Amino acid sequence: MARSSTSAPDLKWCARCGREIEWRKKWERNWDGVKWCSTACRQRGLTELDRSLEAMIIHLLQQRSRIATICPSEAARAVRPEQWSDLLDDTRCAARRLVATGAIDIVQKGVVVDPSTAKGPIRLRLR
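Note that the numbering used here has the sequence shown beginning at 604, numbered continuously upward.
Worth flagging that the hints you see were computed from the coordinates, not collected in a lab. Computed from a predicted structure; not experimentally measured. Any given hint could be a false lead.
Cut-off 25 Å, straight-line C-alpha distance, at most; resulting in silico cross-link-like pairs (SDA-like, lysine to any residue) [claimed, not checked]:
id : residue 1 : residue 2
1  : Lys615    : Asp653
2  : Lys615    : Arg730
3  : Lys638    : Asp613
4  : Lys615    : Ala658
5  : Lys638    : Ala618
6  : Lys628    : Ala643
7  : Lys628    : Cys640
8  : Lys722    : Trp626
9  : Lys638    : Leu614
10 : Lys615    : Arg627
11 : Lys615    : Arg645
12 : Lys628    : Cys644
13 : Lys638    : Val716
14 : Lys638    : Thr720
15 : Lys712    : Gln666
16 : Lys722    : Ala658
Could you put the whole structure together from the sequences, leaning on the hints where they help?
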């Protein structure tokens, strides 16, 4: 979708899932107040678990060499060892939020990928 400078001045990322928010005409007057990409993200919001996953990703990456990567499942296992597989989607969301802040990159086969559209296995590394 082509954007004109008058219709959508800034790119935005969802505060919950970290995906790029598609600009909509109905948000024209309130673009600065838009935080969520969907009703589901708005209703779920951010939880302590979400913040714990973000912190764990950063912690695990800081313990490794500067160019090392981790799998998102490593953070999920560290936060909730017994139910880590239930956290995989939440961990990918946490990783996308960290990309939006500029803290990390999401890579596939060593190449940085768009976090909003990445499919399949991903790795995380410090930026």
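Tell me if the straight-line CA distance from Lys638 to Asp613 falls inside 25 Å. Judged against 25 Å, a Cα distance of about 13 Å means the pair holds.
Hint consistency between Lys712 and Gln666 [alpha-carbon to alpha-carbon, up to 25 Å]: holds, 21 Å
Could you grab the alpha-carbon distance between Lys638 and Leu614 and see if it respects the 25 Å cut-off? Holds, because 11 Å separates the two Cα atoms, which is no more than 25 Å.
Does the alpha-carbon distance linking Lys638 and Thr720 stay inside the 25 Å limit? This hinted pair holds, its Cα atoms lying about 19 Å apart.
Under the criterion that the straight-line Cα-Cα distance not exceed 25 Å, is the pair Lys615, Asp653 satisfied? holds, 19 Å
Need the status of pair Lys615, Arg627: alpha-carbon distance at most 25 Å? Answer holds: Lys615 to Arg627 is near 12 Å, not above 25 Å.
Within 25 Å, alpha carbon to alpha carbon, are Lys638 and Val716? At roughly 23 Å apart (the allowed maximum being 25 Å), Val716 and Lys638 satisfy the hint.
Hinted pair Lys628 and Cys640, Cα distance within 25 Å: holds, 14 Å
Sort out whether Ala643 lies within 25 Å of Lys628, counting only the CA atoms. holds, 20 Å
Just to be careful, I want the Cα atoms of Lys615 and Arg645 compared with a cutoff of 25 Å; is the pair within it? Holds - the C-alpha atoms of Arg645 and Lys615 are around 15 Å apart, at most 25 Å.
Check whether the Cα positions of Lys638 and Ala618 lie no farther apart than 25 Å. Roughly 6 Å separates the two Cα atoms, so the pair holds.
Run the distance test for Lys628 versus Cys644: straight-line Cα separation, threshold 25 Å. holds, 20 Å
Hint compliance for this structure: no hint is broken.
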